[in-house]
Amino acid sequence: MVPVDSGAAFHYPRAGMALNFQHLTSTKQLSRRDADAILQHARLMERYLKEGAQEPRLPGKILAALFYEPSTRTRLSFETAMLRLGGQVITADGFQFSSLYKGETIEDTIIMVNQYADIIAMRHPEQGSADRAAAVSKVPFINAGDGPGQHPTQALLDLLTIERERGKIDGLRIAMVGDLKFGRTVHSLTFLLGLYNGVRFTYVSPKELVVPEKVTSFLKEKDIAYEETDDFNAALACDVLYMTRIQQERFTDRSEYERLKDSYVLRAKQLKGKDVSVLHPLPRVGEIDPDVDALPNAAYFRQAKNGVLIRMAVLDMLLQRGL
Amino acid sequence: MVPVDSGAAFHYPRAGMALNFQHLTSTKQLSRRDADAILQHARLMERYLKEGAQEPRLPGKILAALFYEPSTRTRLSFETAMLRLGGQVITADGFQFSSLYKGETIEDTIIMVNQYADIIAMRHPEQGSADRAAAVSKVPFINAGDGPGQHPTQALLDLLTIERERGKIDGLRIAMVGDLKFGRTVHSLTFLLGLYNGVRFTYVSPKELVVPEKVTSFLKEKDIAYEETDDFNAALACDVLYMTRIQQERFTDRSEYERLKDSYVLRAKQLKGKDVSVLHPLPRVGEIDPDVDALPNAAYFRQAKNGVLIRMAVLDMLLQRGL
Amino acid sequence: MVPVDSGAAFHYPRAGMALNFQHLTSTKQLSRRDADAILQHARLMERYLKEGAQEPRLPGKILAALFYEPSTRTRLSFETAMLRLGGQVITADGFQFSSLYKGETIEDTIIMVNQYADIIAMRHPEQGSADRAAAVSKVPFINAGDGPGQHPTQALLDLLTIERERGKIDGLRIAMVGDLKFGRTVHSLTFLLGLYNGVRFTYVSPKELVVPEKVTSFLKEKDIAYEETDDFNAALACDVLYMTRIQQERFTDRSEYERLKDSYVLRAKQLKGKDVSVLHPLPRVGEIDPDVDALPNAAYFRQAKNGVLIRMAVLDMLLQRGL
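Residue numbers (this note's numbering), protein chains in the order written: chain A, -16 to 306; chain B, -16 to 306; chain C, -16 to 306.
Some hints could be false.
For identical chains, the list gives no copy identity; a pair is met inside one copy or between any two copies.
Result set (BS3-like, lysine-lysine): computed pairs, CA atoms no more than 25 Å apart in a straight line [unchecked claim]:
# : residue 1 : residue 2
1 : Lys288    : Lys121
2 : Lys11     : Lys255
3 : Lys244    : Lys203
4 : Lys33     : Lys121
5 : Lys33     : Lys252
6 : Lys151    : Lys288
7 : Lys151    : Lys205
8 : Lys33     : Lys288
Derived by calculation from the structure, the hints in this document are not laboratory data.
All chains, full assembly: derive it from the sequences and hints.
Listed below in structure tokens is the structure:
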């Protein structure tokens, strides 16, 4: 079989881009060099897709997608990425995940799945579950969200989207809007953008949902400029507007949810004359009016495509390490 | 890679059979020419399967099977069809379909899945959901059932079965029996058979479950002969006897269901000396006694095989359009 | 395409190893010659995996994994096996299995799935369901557990593990510990080990959970030596210690469960100086302390790998029959 990188059309600088870790559990483990390498590899993956019908990159390799809580979007994105690389997928999803109910530990499940799959992506409702899994896994392990903890491929696809929409990352003004207290993606992305130079943050939220101390202390430590406000207009003046959903399940008081959920709704008229790229981790439930979709500012559907590219890049880089 | 249609054994008249639509949401969008072309392609698909181990027709292509309500039969049939063509499948099924519960619109889900898959098949409990999905999908979209609405590949597989069992479609006498009011397959198949010449319908049901006005007005408008009766014997004199299940979930009054469900049960002795082909969309729950299974009249299990062939044909034709 | 067995590196004695049955529903149908042939083929499968990236053995073949009750471990093991052989998989799992709820018989489901797949693996909560399925299936059928009945590939993977850990099977002293009354794996494995010469059994359980009469009458009939005891130490003196989980769902009285579940817990200190191989069908819920995992005695995670090999062997042998 012809190696995938032997053709004239596709030069894959394998040695130069190897990651120096086996598992991806947190954006905090990434250096700027790592992040840049993954973004670069994601662009190669796009070219690989566009050239079509080539030799598969990961023939015979199996991804285990273990989703202890349902996340159709993330799961389908990982599965698509693996299939696009020519690999295969085994899936355990939500209600099907019977061993969980029989009291098996995460460690035992991961050791078992090591006997089946060549790489694992796991979503689990408990913070810290990903670290426990990675600690015992002999095959590469990717955290696909551990409760309120980390979701590094989401942050990486956000980063790729920002770079593609704006042409750079250094020096950008980034606004994050909505539920900044519980929004896992907001935290992960902040840590990742903190690797770049001169990025400034504007956090816009009702005061009940401000960014937590773990984020602000990170920013202070790194001496990164940021402001906190409840004024939506501050966000519209930035280069990037990262909208998030205010999740009903975070509220015990439903009336409090009803009062807050409409606090920050973006409509097309607000974007008139504005050069701001609008991102959203999706699904949205009203925070962005559909009249925004047709504007060039709307980057949130392109994010989904970038998600496949980032996951292809991470799967490919982690599995190529051993070759 | 050798093109699939270059071999001497397999001449695929690609240009001549292209469909002039991108999405398949309703049998009403089909002309007789379309229906004939799909049936012809299904026969080619059978030959493709029989010749075995050939070059895959759809290498690298991904079908997204989105089932907002469970339908194992239809889902497995679509997935089998895609795998038999050499493609791959990503699946979101029933309880797993988390975004639904997070309030995402069908439109947003479809736009997202467009970033993952090359073609989509969707089942959804709401009538009209398929049209909403097709309106925003840039990749081919197939309606796999939208509540009480349409389920075009079911009607096409019924049509293929009728043609194979009877050798023709024009001029046949078709009896439909059971729940004709809520039976989606009965409606879709009527519209499809209405494209052919001289087909006559006999609708047999309790009066609580007669065919709705949308069907009878279609028949009147097209000047198609039909009769309505509650006499099961009228059905046995036809060329085709299309049995349907009387679904408990359609009744609020359980005793009414119990009274009606045994109204029309087919047994082997009734078929003695009769040249009538028996179809059923399955699953059956007692409407056809298992003693019928061994008779040559019993076409309902061959229907399942025809379902794979029709879905192969539709997937292949819709994806070949862009080649 | 080059036949898989034409290469110099891989001699597969196809004719000599054909099984003389089409369906695998029970260990009771296996002769010693059958069991030996499957173990030998499993070792060939390991070699096939190690040599990597060869021609697929089962290209274009589809496994239907029908799981009427969830069993992620068994399902993923079967799916992995099929994918490793180059085949594909369609899956219906637990809550998704909608036709079940619509009252379809097992027979109708199997006849339908025959139209989709080349081979079927089914788990179902009712004893006898596997025999009903096999009776109507024209494609090879594998019982993946029928309630309190049989689960032959589990017993075969246990057998393979015993042989690999001990270098032989004849003459071994086998201890089985825990819930011997309801433990399906204990019964199936006993029947299978009964084919070998001079195997002796030590059954260790609280008296509420002793092996049932169907097992002891088998042992008496075959004149196989066995003892029953509630003394855990008797187990530690054997060559193989087969631990099982005491399942909460078997108890109506929770306090009775709480009292019994800790009766037989294995800890590392008990294994000091002991040459006994520890197996467990997994998942464990405390019967084996994690401090055992690092000992060479711990064979239970290697069992999972052997499970893939056994299922590859069975899938391959049953599908090769028709070639």
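Consistency of the hints with the structure:
Taking CA atoms no more than 25 Å apart as the test, Lys288 paired with Lys121 passes between copies only; the shortest distance there is 14 Å, against 30 Å inside one copy. In this homomeric assembly, Lys11 and Lys255 never come within 25 Å of each other (Cα to Cα): the closest approach is 36 Å inside a single copy and 42 Å across copies. Taking the shortest alpha-carbon separations for Lys244 and Lys203, neither the intra-copy value of 29 Å nor the inter-copy value of 52 Å comes in at or below 25 Å. Taking identical chains as interchangeable, the C-alpha atoms of Lys33 and Lys121 lie at most 25 Å apart only when they sit on different chains, with a minimum of 17 Å there against 33 Å within one chain.
Taking identical chains as interchangeable, the C-alpha atoms of Lys33 and Lys252 are never at most 25 Å apart, the minima being 35 Å within one chain and 59 Å between chains. Taking the shortest Cα distances, Lys151 and Lys288 sit within 25 Å of each other inside one copy (19 Å), while across copies they are farther apart (47 Å). In the homo-oligomer, the alpha carbons of Lys151 and Lys205 lie at most 25 Å apart inside one protomer (20 Å), although the nearest pairing across protomers, at 63 Å, exceeds that limit. When the C-alpha separation of Lys33 and Lys288 is checked against a cutoff of 25 Å, the pair qualifies only within one copy, where the shortest distance is 13 Å, while the shortest distance between copies is 35 Å.
In this structure, the hints that do not hold are numbers 2, 3 and 5, in rising order.
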